[in-house]
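Q: Heads up: the sequence lines are chains B and W, in that order.
So in our numbering, spot 12 of the first sequence is number 12, and the numbers just go up one at a time.
So in our numbering, spot 232 of the second sequence is number 232, and the numbers just go up one at a time.
For the record, the hints were derived by calculation from the structure and aren't laboratory data.
Heads up, the beta-carbon is just placed ideally off N, CA and C, and yes, glycines get one too.
Among the hints, a few may not be true.
[What the hints assert, rightly or not] Chain W side only, calculated, beta carbon under 10 Å to chain B, not exhaustive:
#1 Arg6
#2 Arg8
#3 Leu9
#4 Ser21
#5 Arg23
#6 Leu24
#7 Ile31
#8 Gly79
#9 Met83
#10 Val84
#11 Ser102
#12 Pro103
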Amino acid sequence: MTVAATLDRNEVKAKVRSSRVLTADLKRYWLGVLPHLTDQDCARLLEVLDEEGAASGLRQLSVRLRGKAGA
Amino acid sequence: MGDAARDRLLHDLLDLAYDVSARLRHHRARIVRVSAALLLAASLAACTGAPSASEAPPRVSQTAPLAREVRTGLPSDPGRYAMVKDSLFRDAQGVYQFSWISPAGASGTARISSLKLAQAEPEELDMPATGDPTLYIAKETPIRIIDASAGAASATNSGGGGGGGGGFMFLPVFWFPFGGGGLLGPAYHQPPRTVASGSTVQGGTQTSTPKSLAERSIGLDNAVSGRAGGTGAGVAATNKSGATVGGKSGVVDAVGAAPKSGSFSAGKSGIGSVGLSGG
Numbered sequence: 001m002t003v004a005a006t007l008d009r010n011e012v013k014a015k016v017r018s019s020r021v022l023t024a025d026l027k028r029y030w031l032g033v034l035p036h037l038t039d040q041d042c043a044r045l046l047e048v049l050d051e052e053g054a055a056s057g058l059r060q061l062s063v064r065l066r067g068k069a070g071a
Numbered sequence: 001m002g003d004a005a006r007d008r009l010l011h012d013l014l015d016l017a018y019d020v021s022a023r024l025r026h027h028r029a030r031i032v033r034v035s036a037a038l039l040l041a042a043s044l045a046a047c048t049g050a051p052s053a054s055e056a057p058p059r060v061s062q063t064a065p066l067a068r069e070v071r072t073g074l075p076s077d078p079g080r081y082a083m084v085k086d087s088l089f090r091d092a093q094g095v096y097q098f099s100w101i102s103p104a105g106a107s108g109t110a111r112i113s114s115l116k117l118a119q120a121e122p123e124e125l126d127m128p129a130t131g132d133p134t135l136y137i138a139k140e141t142p143i144r145i146i147d148a149s150a151g152a153a154s155a156t157n158s159g160g161g162g163g164g165g166g167g168f169m170f171l172p173v174f175w176f177p178f179g180g181g182g183l184l185g186p187a188y189h190q191p192p193r194t195v196a197s198g199s200t201v202q203g204g205t206q207t208s209t210p211k212s213l214a215e216r217s218i219g220l221d222n223a224v225s226g227r228a229g230g231t232g233a234g235v236a237a238t239n240k241s242g243a244t245v246g247g248k249s250g251v252v253d254a255v256g257a258a259p260k261s262g263s264f265s266a267g268k269s270g271i272g273s274v275g276l277s278g279g
């Protein structure tokens, strides 16, 4: 496993743990299979979790903008 | 995050879970194979969503018994036939399903309701000239109990038991018929009368003659709890990285004594966590 792949998996672990969409069970199962994922699967998982972060970030930005508009 | 974005995310994860499960289902370590199946089942459950409170299914779904014995797909000639690994299921009505291969290379998938079990290796079907066949399986081989309405095909594809008549996702139960001791020779084995979704169950009852069709039907408890009568407790295991899969940490022998208390927790989707036996 390359160093880059290792770093991706640590980032994936952190994002799985902090995900608000994944249930506790799904977090456990993803973390359980994570060491056995191919680099490609790992990258896909990271991409999906990044989408969650981006969507959450956009929502938070939208909420803040609405708050400012109302002030 | 909006509902639409959340649903899309869960479906993307489900697609990935299908691919991951397809790759890991042949992993040499059984715990990895089980983890992949559970991941897929939980992902599928998360995508189907939980029923509303007013439509909440009953906790225990009692399956209607068979009207008659089932016996299809068996080899036509007496003899010994290798059982395909990980192909063995039993549904709530008492029908076993498994795939077999003959020495000559012929294969088939059997569905049979009156089947004797015995502990031995290699794992194979002993087809007699008359009477019920005997399936020899290893002590650590689980029989996956699934919802009869979904069938084994659904469980194979999704890793889960499919949706039950009550509208809930019943996760396969891992039943180790020889785990509780008792007869190891050919006998008719029966799991406990009620099993909890996603649990691990040791033993049951053994008889020298088959039980009635009504007695073979078991209840499926969709609420994962150590309080469900007759169910085994979930056992957690850790994989190589140390990440906990299931409840408690620590590797436990699949055929060792099951702990009395489980460590089940209900996820947001309503699907309980699943205890695993180490492998």
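Q: Give a verdict on every hint.
A: Right, here's what the structure says about each hint:
1. Arg6: With Cβ-Cβ at 6 Å, under 10 Å, it holds.
2. Arg8: 8 Å, holds
3. Leu9: 5 Å, holds
4. Ser21: For W/Ser21, the interface hint holds, since the closest Cβ of chain B sits about 9 Å away, which is under 10 Å.
5. Arg23: This interface hint holds because 7 Å falls under the 10 Å limit.
6. Leu24: This hint holds: W/Leu24 lies near chain B, its Cβ roughly 6 Å from the closest one there, short of 10 Å.
7. Ile31: Where the cut-off is 10 Å and the nearest Cβ of chain B is about 8 Å from W/Ile31, the hint holds.
8. Gly79: It is violated, given that the least Cβ distance between W/Gly79 and chain B is near 38 Å, above 10 Å.
9. Met83: 26 Å, violated
10. Val84: 23 Å, violated
11. Ser102: 33 Å, violated
12. Pro103: The hint is violated - W/Pro103 has no Cβ within 10 Å of chain B, the shortest such distance being about 34 Å.
Checked against the numbered hints given earlier, the structure breaks hints 8, 9, 10, 11 and 12 and satisfies all the rest.
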